[in-house]
Every structure is written in structure tokens, then in C-alpha cells.
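*Asks:* For the protein sequence lines, the chains are A and B, in the order given.
Position one of the first sequence corresponds to residue 1 (the working numbering), numbered consecutively onward.
Position one of the second sequence corresponds to residue 309 (the working numbering), numbered consecutively onward.
Some hints could be false.
Label pairs and their computed distance ranges (CB to CB) [said to hold, decoys possible]:
id	chain 1	residue 1	chain 2	residue 2	range
1	B	V402	A	G53	27 to 35 Å
2	A	L263	B	G444	35 to 43 Å
3	A	E268	B	G374	48 to 56 Å
Treat the hints as calculated values from the structure; they're not laboratory data.
All values reported here derive from a predicted model rather than from experimental measurement.
Built from N, CA and C at the ideal position, the CB exists for glycine as well.
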Amino acid sequence: MDMAAGILAGDMRALARGLTLVEERLPGARELCVKLAPHTGRALRVGVTGAPGAGKSTLIDALIRAARARGERVAVLAVDPSSPRTGGALLGDRVRMTSHANDDGVFVRSMASRGALGALAPNAGEALDLFDAAGFTLLFVESVGAGQADVDIAAESDITLVLSAPGGGDSIQAMKSGILEIADLWVVSKGDNPQAAALKHELLAMLALGGADQLEERVCVVAALANQGVEELLAKMLAAGAAARADGAFAARRRQRVRRRILAAAAELCAEKLPTDTPLLTELEARIRAGDLSVVGAARALLSGGNV
Amino acid sequence: MSRKIRVLVAKAGLDGHDRGAKVVAAALRDAGMEVVYTGLHQTPEMIVAAALQEDVDVIGLSLHSGAHMVLFRRVLELMRERGLGQVLLTGGGVIPEEDAVVLQAEGVGRIFGPGTNTGALAAYINTEVELRRAQGGTP
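Working from the sequences, and respecting the hints, build out all of it.
*Replies:* Here it is, written out as C-alpha cells:
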């Protein structure tokens with residue numbers, strides 16, 4: 001059986017190998033994505049982001065349990081950072097999700113970020129497409145511990161959860177803009193911590209300044225390990241997903257996502273064509289130092305083969 | 309760019325000594341590999357299910373409990389059942405040489421004892437994976 005057919009039939013080994021194909025961009029990866037594309041668009045994609053240690057993996061573990069009780073089939077793409085020095089990675093998100101290891105309705109895949117900016121891995125979106133085609137109904141994508149500008153996750157998700165944990169002192173200050181703005185739902189994690197209520201109020205006050213609406217419903221306090229607030233959060237996620245599906249926001253987001261991927265792929269193809277170490281580059285660099293040319297002017301010259 | 313080597317590092321059974329596993333996981337990361345660490349108290353079923361989902365090239369078991377014969381054999385059996393026969397099963401810990409010899413004869417890779425140089429471990433994995441990929445086990 002070929003790989004696409006295997007994935008569509010729910011063969012987990014075929015899915016695992018397909019994910020490697022896509023991740024490594026091996027021969028056959030593009031054909032696989034083309035074949036599976038008509039079978040995507042059914043699953044709800046939930047992005048989970050927040051600072052390192054905010055409790056993303058633990059929250060996902062608890063949400064998996066609640067979602068399984070509702071009969072959802074759940075897949076997780078857990079992204080952890082690659083070392084910029086050695087290219088290696090230690091992928092540890094599974095440690096918090098092992099209670100589902102023997103459940104056929106749960107599939108967890110770890111992925112290294114491989115130098116991609118924006119807290120995701122380069123082919124994370126395509127990996128989610130494979131989960132979708134394989135019949136998983138609820139997909140989580142967990143970003144690397146994210147900072148202020150790591151907003152790519154929202155582009156690949158239907159719903160984005162942004163976590164902040166109490167006791168981080170400046171936890172909100174640290175994410176004033178950027179990732180707070182991409183959230184559909186804000187989650188105060190470690191909700192059994194005495195400072196959680198204070199964090200919630202701080203968050204509400206700050207989001208109100210930014211003009212966000214329906215704040216009371218959209219800020220959730222969750223204690224994942226104590227299983228408090230998990231079911232409520234899942235219900236909100238699924239309701240938001242259903243609403244977006246009904247009013248067309250879902251479909252619009254999907255179209256946007258494909259357009260964005262085309263542009264990203266085009267940018268990559270352009271980058272591959274750039275001359276990197278030519279005598280021209282040396283000459284342009286000298287002219288910039290001499291005050292003869294601007295950087296943008298030099299870039300134009302590079303692209304046109306030397307005509308300034 | 310050559311394909312990354314993916315390694316699952318697991319602690320099997322009821323043994324809480326994870327220092328060695330963590331040292332090995334960090335060393336393999338520093339050797340440029342992508343290491344999936346699963347944590348403590350994993351059953352053979354959990355380990356093989358994780359290896360399948362993660363599509364790893366190598367499973368590394370750390371054992372200090374004395375249950376290595378049972379656990380290595382069970383993991384190997386499940387790997388073969390689930391179509392992961394090409395994956396390298398290796399490991400280390402407090403495992404007597406005579407037991408290691410028996411396990412290797414049954415299809416387990418090299419077993420590394422206390423005092424192993426992590427560079428030697430990384431080199432072994434590099435060589436072994438290259439060999440298995442050349443044999444056409446995984447794409």
C-alpha cells in the first residue's frame with residue numbers, strides 16, 4: 001500500500017513515516033501533501049503557546065484526557081528548540097503526555113524547530129495536514145517556549161491558546177504585545193497557585209486596555225494537574241471552533257494559511273537563488289563603507305547583477 | 309544536508325535512576341542528534357508505541373533495576389511485531405557482560421556499561437544508523 005493510502009486508512013506507521021518525509025523534505029514529500037490535501041480541513045487545529053515552563057505540555061495532557069472522554073481522536077505536534085550550535089535537540093514534551101502512550105486514539109509527535117523563527121518547526125503546518133488526513137479530529141500544536149514576537153503559531157491554528165503562569169513576576173510585562181494579541185483564549189495556568197487570581201485580574205485589566213471583547217469568557221484559569229477548569233476550557237475551544245466553522249471564519253483562515261504558505265515557499269525559492277559569496281558582494285560592501293551606496297541600493301544591485 | 313538521526317531515550321520499568329539517561333540524552337543532542345526523552349517508568353508497550361509515532365532510528369534503554377533481560381527482550385519482541393525491526397535497540401546501565409552477550413546474540417545492539425565515553429556511544433550510533441539506512445530500512 002502506498003504511503004498516502006496508508007495514512008488515509010489510519011495506518012500509524014505510515015503516518016509516522018510520512019511525517020519524517022515532510023519534516024526532512026525527502027523525495028516524495030510534496031507528492032504526499034498533494035495527494036492528501038483534499039482530505040484535510042476537517043480537524044480543529046489548536047495552537048498552544050506561552051513562555052518556557054508556563055505549563056503547555058501539562059495542559060495539553062489534561063486536554064487530551066478530556067477530549068478522549070468526548071470521543072475526539074487527538075494528535076499533538078510538540079515543537080522544542082534545536083541547538084543553534086550543534087543542530088541537535090532534546091525533545092522532552094512527551095514526558096508530560098505518557099499517560100496516553102497506549103491509547104490508539106492519541107498520537108504524539110515531537111519536532112525540533114531546526115532554526116525556524118517564530119517558535120514553530122519549518123514544516124509544522126504540513127505535519128498537521130497529515131494528522132488531519134489520518135482522521136484525527138482535534139490537533140494540538142505546541143510551540144517552543146515563546147517570547148514576544150512568536151506569532152507564527154496563530155497562522156497555522158484555528159484557535160490559539162496563550163498561557164501565562166502565576167509567580168513569574170513580570171510574566172505579563174514580558175508579553176505586552178505580540179503573543180497576547182494572537183490569542184483566542186487566554187489561559188492562566190497553575191490555577192491552584194494563590195497568585196493565579198491576581199494574574200487573572202492583571203491580564204483582564206491589560207486586555208481591556210487593548211480593547212478585546214468578551215474578556216470574562218475568554219480568560220480561563222486552569223489547574224491542569226488538579227484537573228480544574230480543563231473541561232470548561234475544552235468546551236470553550238470546541239464551541240469557538242464550531243462557531244468559526246458556522247460563520248465562515250474557519251474557511252477564511254484556511255485560505256489565508258495556504259496563501260501564506262505559498263508566499264513562504266516562494267520567498268525560500270528566491271533566497272536559494274541569491275548569490276552569496278561573489279566578488280560583486282565584496283565590491284558592494286566596499287561601496288557601502290565608502291558612503292557611496294545604501295544597503296537597499298546594494299541589494300538591488302545584487303539582484304540585477306551589478307547595475308546600480 | 310543529511311537526514312537527522314532521531315533517538316528515543318527511555319527508562320524502562322520501575323527504576324528511578326535517570327541521571328545516566330539524561331547524561332546520554334544531552335550528549336547525543338550535543339552530537340547533533342534529535343533526542344526524544346520519554347522520562348521514567350515506561351513499559352515496553354509505551355516505549356515501542358512512542359518509537360513508532362516518533363519514527364526514530366534508535367531506541368536507547370537505560371536500566372539499573374536488574375530487569376534488563378525481561379525488558380530488552382519484550383521491547384525487541386514488540387518492535388518486531390509492529391514493524392520496527394530495522395530500528396537499532398541499544399542501551400546501557402548496570403548490566404553484566406554475560407547478559408549483554410546473550411542479548412546481543414538475540415538482536416540487541418551494543419550494551420554500554422558504567423564509565424562509557426559518550427563520544428564512543430555517539431560514534432557507534434552514527435555508524436550503525438548509516439549502515440541500516442544504506443540497507444534500505446528507512447527512507
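*Asks:* For which of the previously enumerated hints does the structure constitute a violation, in increasing order of number?
*Replies:* none
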